[in-house]
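Engineer: Sequence:
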Amino acid sequence: MGHWLERNIIEPGKLPLLCALTAFVLTFLITRVVTRMIRAGKGPFGNVSAGGVHIHHVVPGVVLTVLGGFGAVASTRHGFGSAAFAVVFGIGAGLVLDEFALILHLQDVYWTEAGRKSVEVVVLTAALVGLVLCGFVPFGVNDLSEDELQDRGSVIVSVAVNFFFSLLALAKGKARTAIFGVIVPLIALVGSIRLARPGSLWAKRFYRRRPRARARSSLRAYHHDRRWAGPRRRIQDLIGGTPDPEPAPALERR
Numbered sequence: 001m002g003h004w005l006e007r008n009i010i011e012p013g014k015l016p017l018l019c020a021l022t023a024f025v026l027t028f029l030i031t032r033v034v035t036r037m038i039r040a041g042k043g044p045f046g047n048v049s050a051g052g053v054h055i056h057h058v059v060p061g062v063v064l065t066v067l068g069g070f071g072a073v074a075s076t077r078h079g080f081g082s083a084a085f086a087v088v089f090g091i092g093a094g095l096v097l098d099e100f101a102l103i104l105h106l107q108d109v110y111w112t113e114a115g116r117k118s119v120e121v122v123v124l125t126a127a128l129v130g131l132v133l134c135g136f137v138p139f140g141v142n143d144l145s146e147d148e149l150q151d152r153g154s155v156i157v158s159v160a161v162n163f164f165f166s167l168l169a170l171a172k173g174k175a176r177t178a179i180f181g182v183i184v185p186l187i188a189l190v191g192s193i194r195l196a197r198p199g200s201l202w203a204k205r206f207y208r209r210r211p212r213a214r215a216r217s218s219l220r221a222y223h224h225d226r227r228w229a230g231p232r233r234r235i236q237d238l239i240g241g242t243p244d245p246e247p248a249p250a251l252e253r254r
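Start counting the sequence shown at 1; every next residue gets the next number (my numbering).
Honestly, the hints are just simulated from the structure, not real lab data.
There's no promise every hint is true.
Pairs of lysine to aspartate or glutamate, EDC-like flavour, derived with a Cα cap of 20 Å [as the list claims (entries may be wrong)]:
(1) Lys117 - Glu6
(2) Lys117 - Glu246
(3) Lys117 - Asp237
(4) Lys117 - Asp225
(5) Lys42 - Asp225
(6) Lys42 - Asp237
Turn these sequences into a full structure, and let the hints steer you where they fit.
Structural biologist: Dropping the structure here:
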């Protein structure tokens, strides 16, 4: 284990990235535990307020992210300073992305259905950083040989082709596939070949006069969402807590 860490993490200068990812994941998990205890009225924790204003933890998260980011830029990849600033950055990023839904909607939706976006973004971020830590390079540059890396033309063509596949997957309404496809090009290739999701830019442009393709797209999206919506929600509830039930709509008076 020590030899693997030295060869794959420390020597390539990836220790700050490992520290940042570890701090990011631990901060998110600890924050979720604390907020769930506050929600349940257990433990010594409570909401922080100043002058009657509730201070969301995204505020110290932004401060720590700025400090850690500038400190990491000013440091080298090796040494205690870079690792320390990476930890600060990871803690700040964990606090900020835990309230990603609040930033997106500009309102406190932490324990609502909309708040699930925060959990989804955190998991997505951790997965992407983990892939980079394992040696994957955006747009598949890591798949090129040493001779090909010396040839700028090969690098440009590889980046352009993989970027095209990612854009194609995104146009087909497959945002997660496109994002992961930036790191693992094969994923983007598969997403670009398969049918587009209904309502996507590709479907609106190319399925408008193809009723059979439009019907197949809708049917496939229905079966996919029906199969994976339940497990995805259970995992999100396990990680981030179950959202509050939506209030029943008020009956209109006549």
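Engineer: Give a verdict on every hint.
Structural biologist: Hint check:
1. Lys117 - Glu6: Roughly 36 Å separates the two Cα atoms, so the pair is violated.
2. Lys117 - Glu246: holds, 16 Å
3. Lys117 - Asp237: Measuring from Cα to Cα gives roughly 12 Å; hence the hint holds.
4. Lys117 - Asp225: Roughly 16 Å between the alpha carbons, so the hint for lysine 117 and aspartate 225 holds.
5. Lys42 - Asp225: violated, 36 Å
6. Lys42 - Asp237: holds, 19 Å
The structure fails hints 1, 5 (numbered hints given earlier, in ascending order).
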